[in-house]
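> Just so you know, the protein sequences line up as chains A and B, in that order. Oh and the first sequence: position 245 is 245 in my numbering, straight run, nothing missing. Oh and the second sequence: position 62 is 62 in my numbering, straight run, nothing missing.
Each hint can be trusted.
Simulated crosslink set (PhoX-like; lysine-lysine; CA at most 25 Å straight-line): (1) A/Lys85 <-> B/Lys100; (2) B/Lys100 <-> A/Lys238; (3) B/Lys12 <-> B/Lys240; (4) A/Lys85 <-> A/Lys238; (5) B/Lys71 <-> B/Lys100; (6) B/Lys174 <-> B/Lys12.
No lab work stands behind these hints, which were simulated from the structure alone.
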Amino acid sequence: MKTDELITRRKMLITGVTSVGGLLLTACSKQLPPTYGNILRMGDTFTYAAHQALIPGEALVKEYSHKDISSFPATGTTNPGDPDKPNSSELYRNLQRSNFADWRLTIEGLVARPGSYSLAELKGFPSRTQITRHTCEEGWTAIGEWTGVPLSRVLDAAGMLPNARFVSFYSFDDWVDNIDMLDALHPQTLLAYGMNGRDLPLAHGAPVRLRVERQLGYKSMKYIQRIVVTENFNDGGKSGNIQNGWAWYVGI
Amino acid sequence: MIESSESSTEPKLSRHTRFVRASHWIVTLSFILLAFTGVVILMAHPRLYWGDTGNDLTPALIELPISRNYKHGGWDNQVAFFQGEGSPVSANRTFDIFNKNGWGRSLHFLAAWFLVIVGVVYLLVGIFTGHFRRHIVPRLAELRPTLLWHDLRSHVRLRIRAATGGPQYGLMQKCSYFAVVFLALPLVVLTGLAMSPAITAGYPFLLRMFNGYQSARTIHFFAFLILLLFLLVHVFMVIKSGFRRQMRGMTIGDSHEN
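Starting from the given sequences, assemble the full structure and let the hints guide the process.
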């Protein structure tokens, strides 16, 4: 009887580890990103679960004032219609010629009212303007003013179904990425059509880019073409970020 | 063992406890991984700044010649955002940069988890077992200028005491361990957290504490340099004070090797 009541170091360790694990799991009862048996992806997932457990989900990132706006490098794709580039999009080139008058953003998947929006229709939604810091994974930062429609407004209009878990984005330069509902419904997550008081410049993702302020810059995809609400994690296949060694969740 | 009969006649010196030895090597391994991947990450953008923003289109505080990205000039289509002089600009990058941050950053964070979790356990155990009070924190009586000066002089002249292989630390040793455990490591962790957009959304004091993202990144780098310097001096001192005995002390926990 006496030995049963003893709390051994091993018992303490097991209890500790399982309770921490349980805490992380309950905080993150949602679907976790795939790890492919890769220890680095497991570390990323652990960081994701820890953030879900320890950071208040509704917290806003710092917003700056107009005088803080800084120079802003344009990296990655700077023109998806450039005929000299291998993955050049002819469709984008044609849309660009009419100043995106014929551009439409498609929303489909687990929504009650799938459809598409023109740029004018997106601008008809109540807008939000925010001056935030873009944190590039390379190590540089820049501050810009973004104007757009909160993604949550567009998702509300489309009527998300209860089993929706992720929002996937497809771009004109052939990127696919997705964010979870915490980020998708966050008030600072925008479909941005304006930068520093003007239309979004070509190099920064015209006509519409995503702003996911609580993650590194590469989650704020440029040149958005299509949005799909899904139940399953979409890793983007062989050309997707996560299969090429780049963490899916980069709240960091 | 033969030593045990001999050591029973010597005054009993405490040895490194199992918890100290385990945390020492886990932290050592994570530090080496963190240092390596940290440099890989820095190579993608080898420029340091002060404040919240900094990029290739703004002036740097320090530029480090540690990759082909050093002072690369590949920028075109420069456009001003606003009218008038001194307006911030946009420019397109045309240079194919060195960037291994995919695995670099994920490995950095994996190692950081070990450092942080083991570090927090170490701090708690160190407080509650009296490890810090008995071995690490210098006593007030020890902190007299003459004693400090004396110990510093004997270190500079490389008159190093032979090690006991246990936690019987000299004054300089206590001071440097204290600085690493309570200042440099917490600083490097906190500046690391201050670079997270998600964590600083929830805990904005981190950004204020270090005067912005880029300042935190710069301090993170200098805290790393201090820790690297400590590591080099530490290894040198281990060698000078009796490598074999010290390694036995920190691995199998033996303090008397004759």
